[in-house]
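Q: Sequence:
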Amino acid sequence: MKLCQFVGLCGSLRKQSAHEQILRTMAQELLPSDTHLALFRLHEIPPYNEDLEGAATPAAVLELRQSVNAADGVVIGSPEYNHGMSGVLKNALDWLSRPHGKSVLAAKPVLTFTASPAFTGGVRAQQQLNETLWAIPADLARYPQIVIGSVQSKMSDGRLVDEPSREYVRAGLKVLRQMVRVAE
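Numbers 1 to 184, taken from our numbering, label the letters of the sequence shown in order.
Just so you know, the hints here were simulated from the structure itself, not pulled from any lab data.
Where hints are given, some of them may not hold.
As a list, the in silico EDC-like pairs of lysine to aspartate or glutamate whose alpha-carbon atoms are at most 16 Å apart [what the hints assert, rightly or not]: (1) Lys154 x Glu20; (2) Lys154 x Glu167; (3) Lys102 x Glu53; (4) Lys174 x Glu29; (5) Lys2 x Asp34; (6) Lys90 x Glu44; (7) Lys90 x Asp34; (8) Lys102 x Glu50; (9) Lys174 x Asp34; (10) Lys15 x Asp157; (11) Lys15 x Glu44; (12) Lys90 x Glu131.
Derived CB-CB ranges, DEER-like [what the hints assert, rightly or not]: (13) Gln5 x Asp94: 22 to 28 Å; (14) Gly101 x Asn49: 15 to 21 Å; (15) Ala59 x Gly158: 28 to 34 Å.
Just so it is clear, the structure is predicted and the values come from calculations on it, not from any experiment.
Using N, Cα and C, we set each Cβ at its ideal position, and we do this for glycine too.
The task is simple: from the sequences and hints, build the whole structure.
A: Right, dumping it as structure tokens:
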């Protein structure tokens, strides 16, 4: 049986990002047994500029596109900044949506999650993130919607330890894996 490959994109650049820690917890503890998740860090992705498409596309963007294209599915985590997804994530999605009509995310199975210190868990960012992905159009896992409120109280030693949140994440990863099976 072929190992299913997921790529994880973290919408936060913080050193101690809860989103990156959640992605690492997924990769190390919560994936279906026939699945691997590799994290692609967005730190080197420049601001989107249509003048740089084609031959002038930055190397970091080409690497991002290749990673997403090679993956069977994508897991995206975003913080909520001012009731929306992070700018770094929106920027990466803009690069991934291009060139027009040839996005590496088109029809790609995608699972999203948000987490926040607020009790709302970043739900407004998730709505904006999902709306952008539907427009691309990615194949979005609709349920469960993974929204982790009061995230600091659910983390310990760089891991997601809250069992109800872990169950939601496991369920989402299982749905994403099933979406890949259907597409195979």
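Q: Check the structure against each numbered hint from earlier and tell me which ones fail, lowest number first.
A: 7
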